[in-house]
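Visitor: Two chains, each in its own frame: build the complex with the hints.
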Amino acid sequence: MSKQVNLSVGIQDNLREITVEIPDEAPRPWDGTDKLKYIGGRVSRVDGQEKTTGRAKFSSDIQLPGMLYARFLRSPQPAAVVKSIDISKAESAPGVKAILLVQEKLPMIVRFVGQEILAVAAETRQQADDALKLIEVVYRERPFVTKTDEARRADSPVVFEQAVEEKKSEGDLPGAAATAGQNGNVRGPQIRPKGGAPDKVDAALAGSDAVVEATYRTQVQTHSAMETHGVVAQWQDLNHLTVWASTQGTFTVRDELAEVFEMPKSQIRVLTKHMGGGFGAKFGAGIYGVMAAKLARQANAPVRLMLDRKEEHLCVGNRPDSTQKLKVGANSDGKLTALKLLAYGTAGVGTGAGVSGPARNIYEIEHIYSEESDVFTNAGPGAAFRAPGHPQGAFALEQAIDELAYKLKIDPLAFRKTNTSKNEIRQVQYKLAAAKANWAKRNSRPAADSGPIKRGMGVANSVWYYFYGTGFQASIQVNSDGSVEPTNGVQDIGGGITTIIAMVVAEELGLKPTDIRVTIGDSDLGFGPASGGSQTTAGITPAVRDAAYRARMRMFDIAAPLLGVSAEQLRADEGRIFAKEDKNKSLTWKQVASKMPGDKFTIVGERFKDHIQTKPRTIAGVQVAEVEVDTETGVVRVERVVAVHDCGRPLDRLTLESQINGGIIQGISYALFEDRILDRNTGIMVNANLEQYKIAGSLDVPKIESVILDVNHGQSSTGAIGIGEPATVPTAAAIANAVFHATGARVRELPMTPDRVLSALEYKEGGTS
Amino acid sequence: MNFEMITPRTTGELLQALANNQGSRVRIGAGYTDLILELKGLKCEETPLVINLADLTDPKFTHIEKTDAGIRLGALVTAGKVIIDASIQTELPVLCKAASELGSRQLRHRATLGGNLCTASPAGDIAAALVALEARCEILSADGTLRTLALTDFLVGVRKTALRQDEVLQSVFIPTRKSINKHLLSDFLKVGTRRSMEIAVVSLAYQFELDAEEIIRHAGIAIGSVAPTVKFVSAAGEFLVGKKFSSIGAVAADKFAAMVCAEATPISDIRASAWYRREVLYNISRGIFDK
Ligand SMILES: Cc1cc2nc3c(=O)[nH]c(=O)nc-3n(C[C@H](O)[C@H](O)[C@H](O)COP(=O)(O)OP(=O)(O)OC[C@H]3O[C@@H](n4cnc5c(N)ncnc54)[C@H](O)[C@@H]3O)c2cc1C
Numbered sequence: 121m122s123k124q125v126n127l128s129v130g131i132q133d134n135l136r137e138i139t140v141e142i143p144d145e146a147p148r149p150w151d152g153t154d155k156l157k158y159i160g161g162r163v164s165r166v167d168g169q170e171k172t173t174g175r176a177k178f179s180s181d182i183q184l185p186g187m188l189y190a191r192f193l194r195s196p197q198p199a200a201v202v203k204s205i206d207i208s209k210a211e212s213a214p215g216v217k218a219i220l221l222v223q224e225k226l227p228m229i230v231r232f233v234g235q236e237i238l239a240v241a242a243e244t245r246q247q248a249d250d251a252l253k254l255i256e257v258v259y260r261e262r263p264f265v266t267k268t269d270e271a272r273r274a275d276s277p278v279v280f281e282q283a284v285e286e287k288k289s290e291g292d293l294p295g296a297a298a299t300a301g302q303n304g305n306v307r308g309p310q311i312r313p314k315g316g317a318p319d320k321v322d323a324a325l326a327g328s329d330a331v332v333e334a335t336y337r338t339q340v341q342t343h344s345a346m347e348t349h350g351v352v353a354q355w356q357d358l359n360h361l362t363v364w365a366s367t368q369g370t371f372t373v374r375d376e377l378a379e380v381f382e383m384p385k386s387q388i389r390v391l392t393k394h395m396g397g398g399f400g401a402k403f404g405a406g407i408y409g410v411m412a413a414k415l416a417r418q419a420n421a422p423v424r425l426m427l428d429r430k431e432e433h434l435c436v437g438n439r440p441d442s443t444q445k446l447k448v449g450a451n452s453d454g455k456l457t458a459l460k461l462l463a464y465g466t467a468g469v470g471t472g473a474g475v476s477g478p479a480r481n482i483y484e485i486e487h488i489y490s491e492e493s494d495v496f497t498n499a500g501p502g503a504a505f506r507a508p509g510h511p512q513g514a515f516a517l518e519q520a521i522d523e524l525a526y527k528l529k530i531d532p533l534a535f536r537k538t539n540t541s542k543n544e545i546r547q548v549q550y551k552l553a554a555a556k557a558n559w560a561k562r563n564s565r566p567a568a569d570s571g572p573i574k575r576g577m578g579v580a581n582s583v584w585y586y587f588y589g590t591g592f593q594a595s596i597q598v599n600s601d602g603s604v605e606p607t608n609g610v611q612d613i614g615g616g617i618t619t620i621i622a623m624v625v626a627e628e629l630g631l632k633p634t635d636i637r638v639t640i641g642d643s644d645l646g647f648g649p650a651s652g653g654s655q656t657t658a659g660i661t662p663a664v665r666d667a668a669y670r671a672r673m674r675m676f677d678i679a680a681p682l683l684g685v686s687a688e689q690l691r692a693d694e695g696r697i698f699a700k701e702d703k704n705k706s707l708t709w710k711q712v713a714s715k716m717p718g719d720k721f722t723i724v725g726e727r728f729k730d731h732i733q734t735k736p737r738t739i740a741g742v743q744v745a746e747v748e749v750d751t752e753t754g755v756v757r758v759e760r761v762v763a764v765h766d767c768g769r770p771l772d773r774l775t776l777e778s779q780i781n782g783g784i785i786q787g788i789s790y791a792l793f794e795d796r797i798l799d800r801n802t803g804i805m806v807n808a809n810l811e812q813y814k815i816a817g818s819l820d821v822p823k824i825e826s827v828i829l830d831v832n833h834g835q836s837s838t839g840a841i842g843i844g845e846p847a848t849v850p851t852a853a854a855i856a857n858a859v860f861h862a863t864g865a866r867v868r869e870l871p872m873t874p875d876r877v878l879s880a881l882e883y884k885e886g887g888t889s
Numbered sequence: 008m009n010f011e012m013i014t015p016r017t018t019g020e021l022l023q024a025l026a027n028n029q030g031s032r033v034r035i036g037a038g039y040t041d042l043i044l045e046l047k048g049l050k051c052e053e054t055p056l057v058i059n060l061a062d063l064t065d066p067k068f069t070h071i072e073k074t075d076a077g078i079r080l081g082a083l084v085t086a087g088k089v090i091i092d093a094s095i096q097t098e099l100p101v102l103c104k105a106a107s108e109l110g111s112r113q114l115r116h117r118a119t120l121g122g123n124l125c126t127a128s129p130a131g132d133i134a135a136a137l138v139a140l141e142a143r144c145e146i147l148s149a150d151g152t153l154r155t156l157a158l159t160d161f162l163v164g165v166r167k168t169a170l171r172q173d174e175v176l177q178s179v180f181i182p183t184r185k186s187i188n189k190h191l192l193s194d195f196l197k198v199g200t201r202r203s204m205e206i207a208v209v210s211l212a213y214q215f216e217l218d219a220e221e222i223i224r225h226a227g228i229a230i231g232s233v234a235p236t237v238k239f240v241s242a243a244g245e246f247l248v249g250k251k252f253s254s255i256g257a258v259a260a261d262k263f264a265a266m267v268c269a270e271a272t273p274i275s276d277i278r279a280s281a282w283y284r285r286e287v288l289y290n291i292s293r294g295i296f297d298k
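Residue numbers (the working numbering), protein chains in the order written: chain A, 121 to 889; chain B, 8 to 298.
One or more hints might be untrue.
In silico DMTMM-like pairs for lysine to aspartate or glutamate, Cα to Cα no more than 25 Å straight-line [stated by the list, open to error]:
id : chain 1 : residue 1 : chain 2 : residue 2
1  : B       : Lys47     : A       : Glu256
2  : B       : Lys47     : A       : Glu243
3  : A       : Lys253    : B       : Glu11
4  : A       : Lys447    : A       : Glu869
5  : A       : Lys123    : A       : Asp750
To be clear, the hints were calculated from the coordinates, so they are not data collected in a lab.
Next comes chain B alone, as it looks inside the complex (with noise of 0.2 Å):
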């Protein structure tokens, strides 16, 4: 494995390292769990340069910051830190527990949270929490400008991101919700066979915010490892608002997987069949409301 690699250490930097080196050659290196293993696959002529944001200070890059608008989590944030974080713990608990599934705790320690959007694997774990709870991506290109584009746009496909040459992912934006007296409920299920360094075989992200009537008001919804990219499943949310979460009973409940299900077109491959993955989804999108 052979490879070049620029470490720019100022966004200024970094502009001028996008701006002077495009092309297929070119590789963004952030924990490098997952660069590692495509610069060993790689079979190319050229030798891959890397430019790497590791040494990035930017607090945009690295930090997590809270306003009243909502939460905004630099690219470079490990789930490590995501685990820790008082503000995604009581806000985002659903990010708080896919970060915590991730891997192992050493890895857990390098992988970046922009890594995981941008490998885009269909069973990214945090790329789950982070769609059920609408993030939007903070887009920084070579120019200096930011764009914005909603999470769901930004996963295009297996392995593909809305993200050109020019461009690196800088942060995720997660607004807040105006509701009023709203408590959460939310969960992360990974199904897969090791209880560590496991890749999700199914995963299912739900955050629901409930009023003091215990009504859902809001329900954001995501499923991983059934489709080409992580989804949104919008009409099972839709489904549950304005019910009382308690009064769900067994025919609600069957309706709500199906219609997750719905949105599921799962593969078979070595490690499970459609069928399971179908099977699986469905009895975990129902055990949400088995008391």
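Only chain A is shown next, with the shape it has when bound in the complex (with noise of 0.2 Å):
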């Protein structure tokens, strides 16, 4: 039933073989010494012309005939009861079809600004909106709370009378107060001790040859995808909905609309043929698709309803901000003794706003205590975002240990280094990533330069973890005429898991990427991974070999007879079936699937767990990144990042290279520009629209490095682990260490504003002379 194999794992051609056992129908995986045609190689995306030249349908670009134009009435006010809704004048508006409340029974009570009130689907747009103007509402106003610091005050007004029930979405980290109580606005705290109770940490601190102990504050971040979120929904009859969704999860809306209208899975059809990007705020169906579904029924026609991009500030997910109160302390031979992390910030009406990730997963440190909570407030719920919690902690633990290093004058790579002495891959890290960025000419001491331009590098360390999910179904159907046609209902949200997908059959049938007719983004196809938790080619490339690699095995058992060979003496290479040891016993692909039995076949490959069972493992990186910083404005430049990433195996380097692109350029703008501001008078977001809501644009974006490491685990058939999250981890941090670099100044407050920068520096100036 299974079979042993020999497998060559390491780091790069640093390799040791070990013994797996995987099941007789599966191939082996690949691993260190295999030559590959096309995995590991840079292979363009295989729907890059569709994209260029715009003929690729988003689900934004749905078009149905007699389709609905929807929109919400969302609510102005960041905290009251709604006591009455009079929709008689937009129910007789010219256009308007149907108009539903989202909550049947008033009063209703919301929580922020944009809450979700009703929706109206009207025959445009412009009269869907024209409508909205003509519903009259009536609220009693509550008393609100904005900011996370006064909605932790015992005086503060209650966002929630009721203990909340925490929301849970793929890709999502348990939030900080998973397990513990809620107490006024502040739920939790959760409490993660390690080596011992709080105060052997504080004993360990006391006890430390230095400590460093700093305050450290991260902004609300909207995830800002371009492509908004919404729908199109169309019922076929009364009892099959079909659903066009920009969504990092066909599965994840399917099943949450099933819930909602209590129908059988198979009669609701979730599509996503190309998506504009979700970093995490897209997976289930949404108010907006519950709602668009449920007008769609009422009309009796297909409605579209796509936010537009203030309800996307407002409404659909944000990172939360932190407040993180952080004490680390080391002995002078630069080993870690103790850290402990208090920390809290807001995630709006929902939670999640845990950063501790970082702290307890990067060093090795024997005493670790960390306290979080989640802190209710008046405005729009958080979600999932790209590496949850850890651009925040990371910031600030990346900070405090840089401070700590130049406390003990130890170079604060050497100082990284030192401290995780047991971790293989971060060592060879650290020395590719100096290397590369040069670091032995780094003058060591900070604000070396003279002149108002001061430049710096700073050094930081990522971490994310390696997940996957089991139970994915991809199919392979090879027709006789030779075409051959992976299907999954998995989505590529724009990390190029299309294009994966046809390298990896590719790979394994002999032919060329661009002979892979890959269909995908359809749950009516076999079940596949959510795109969350930077999983989704880890999750389904195994089963895709799986099936890819059964799907040659049944074109020699074909091939064998005609070419009067065993089937395992035979190969697939170029297009064509051959004979290992004789090249001139040959037939072209083609030749052979035209002697299939019928027209065609379909085999249907699996993803069963990893053959090692590592326990979860993290993912390692480090950043280096160059800064200038003008010193009579504080304005920070980004002039270049350095990347080095435990990138498992890596199966395209090409969009790899994309990823780790993407999370930096969002990292840069974390660090620098994007900020969520509220009113805190009104409730209001005052900026939300993509001009104010500053987003790092192509002239930001620096000089990028990326190391791609090569890491055989030899986990899995293809040994991919994940890079989207992992990447923006660092940047923030290692910007605001290049900035303490060039200036001496530290910032501890994102974003790092020119205003922010110029006061740091004031400080600094004031403090030392």
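Guide: As structure tokens, then:
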């Protein structure tokens, strides 16, 4: 039933042999010695042309005959009770076909500006918008709070009277206070001690040669994906619903709709052909999805409900803010002794403001104590956002580590080396990063440049985790004309999984990626992963390879008698199937396909558990940022980022690099620009657009040099792990450390705006002179 | 967003459109990079009516004209056109620099000089350069008469100009200063966070005329985003006149910077604090003389 195979695993060329047991039917996993044709190379996106020419159809491009446009009426109040709603004028307005309340029975409580009250479907979007203006809502205003610090006070208005159940989505880490109680607006704290009780940690800190302690603050960041949230919903008949969704999870959307409408899952079909980004905020059907389907049923017509940019900022997710009081100790030998983290943050009316991942998972520290709470405020709910909690946590931790290194007069990179000594991968990464960034040439003294423009170089570590799901089913259909069609329900959210699937199949079958017709993004196809937790590639590719491998075996069985050799002697390459020993015994892939019984065959491959059962393993990475700080204006320019990440076995280096680039660019944007600003007097977001909510533009993108570290772990048949999230974790921290190196001033608050940087410089001067 | 539109093709049609359509619902449209946002945000009962200037072909509106007396720029000249114009590059380099800092490439193709002035933003980049250059506005009214007004008098407040309801801005004129042997020293310093698509948090436009001995003969200086309108800072300019540029030392530079800041009345908003604006205005003013 099973066979043993030897694999060469390890970091880059530093390989060792291991033996693993795999099912008889499974291919030998790719390892460090395999010489592959496409896998590990640089293959352009198979759908690149479609996208660049505008032919690719996104959910927001779907147009159906008779389609209606739906818009939400949203609360202008941050906290209120809806007493009454008068829709009579709107009902008879031109084009209006349906109006539905989000909560049918009043009174309804609203808790943030932008909360959905009702939705209108009309023949045009303009008519829907016009109709909204005719609706009269009577609100009884209630006291509210938008500032995290104010919400923590005993006398603050409370956002929720009752305890709040945590809503989890795919790719979410547990909220800060998953197990803890709720007191006023504060949920928690969740306490996670390691290496003894809190007093042990305090004692260890007290006994350390050097201690740093500071408070760090990070802002609320909104996901701001290019394509907004939304769906087009169409009922085929009363029992069959089709939804085109801009989603990271065709199946998670389907499942939520099935639950809401109490329908069998098989009667709901969710389609996502192309998708313009999600970053963690697009898993469920959402109120917009549910309301669109309800309106479509009511109006008996397809309904399109895509949010606009303002709604996107207000209502559908954000990275919670954080306040982190962090104390870290070390001895003069350079060894960390203890760490204490007291943190809280607000996910608005949502949960999930925990930040302790980096503090607990990067360094070898004997005593760690962390205490974290969620604080409710009258603001839109947080949602999983590219490495939830980690950019925040790294911003504080990696600055504290840096500060401690300077205090002990140890090079910040060497200090990190010492305190991650058992992590083989990190040790290699430091070496590569130092070489690429020319770390040795860096002046060890901060603020060494004369003149108003000062340059600096800073380093920070990243941490993420290896996640993957099981039970995914990839099908491969081989047709008698030789065409090959892999299918799976998984969506391509921009990461490039369409291309990866084509590559895996082409590699296995000896064909070219462009020969493979991939169909994905359809919940009627085989079960596939949601794209969260950086697990799409790690999740689905083993199932794809499994199916491709068995399809090849089937083709060999067909070819063997035709060539007069046994199937074991056959190979597939360059579109041919041939005998290994005698290349004259050869047929083209198409010739063999034409001889199959019937017209086609289909094979289903499945994602099983990894054959090596490692415990949750961390994914290591390190980035070095170089900045220029104008000390007259406080403007920080990132000039260069060197990134070294554990990429498992790289499948497509091109899409992999794109993920790293994207993570870094989003990290820079988080570090310097993005900030959701609420007016504390009204609860209204004052920069709910892309003009004043600033995102890094192309001119703000520095030179990015990524070193893709090949690590053959040998855990699955493709050896893929995730990169989407790890790449954004350390960027802001590395920039902050570079700003310190340039200027000698610590900026402990994000974003590092010119205003804040200039104040930090001023404060530093005031403090030392 | 609903609106009606009239598109005159000749100045005659324009005058007629102005005469026939007056009232709070009328708007003038040029490149629409500001106006679209305004129309989107409107919560008025009446449907706005836009008099669209985009199709006017009258060179008075669309051309850059150089004569001995000076340079005249039509209100419909875009930032993109300003940047590539040879006479502006040599004679009005501060305007060239300011135009090149506006928004992004896409935006510069649409954004007009007239729109930048009529929007009357305290942060207008082109406005700052033209104030430093002491430009004069040439205003056409529905009855066909033309009046001129100093740009500093044209900009009366935040988003407020001296334009009357039946008027449009036709062009701006920058007279040539008759000085001998001059060479120019100029820059447009725009401070913001991003490198593009950024409205100035603080800006400083200056164009100095130096004679053969490096003596400053004239200094036009304007500051942006630190007062309700772009402001011309005359005292600081006069302070420089007669001084040799290269011999302005730290003390004089400090004094100059303080004089510039004396004209600033910055506020705190979501983009920056008043403290920051003042601090930076001081630093960049002083920085002109850093060697
Ligand atoms: C994303 C973005 C970035 C921007 N970045 C910058 C920047 O960096 N710097 C900057 O200064 N500005 C910037 N702006 C603002 C804007 O682009 C400029 O002010 C531009 O010059 C306006 O010109 P327009 O032709 O588009 O004006 P419009 O939008 O057509 O008009 C603007 C206003 O002027 C009036 N108007 C226009 N022409 C006339 C005329 N001839 N007579 C009478 N009234 C007239 C209109 O009625 C309207 O009130 C930006 C705008 C956007 C959307």
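Visitor: Against each hint, give a clear statement of whether it holds in the structure.
Guide: Quick rundown of the hints versus the structure:
Proximity of Lys47/B to Glu256/A is assessed by CA-CA distance (about 22 Å); at most 25 Å being required, the pair is judged to hold. For the hint pairing Lys47/B with Glu243/A, the CA-to-CA distance comes to about 20 Å; that is within 25 Å, so the pair holds. Between Lys253/A and Glu11/B, the direct Cα distance comes to roughly 20 Å. Compliance with the 25 Å bound is thereby established for this hinted pair. With a C-alpha separation of about 16 Å, the suggested pair Lys447/A and Glu869/A falls inside the 25 Å cut-off, and the hint holds.
Distance hint between Lys123/A and Asp750/A is unfulfilled; the C-alpha atoms sit about 63 Å from each other, more than 25 Å.
Of the hints listed earlier, the one the structure fails to meet is number 5.
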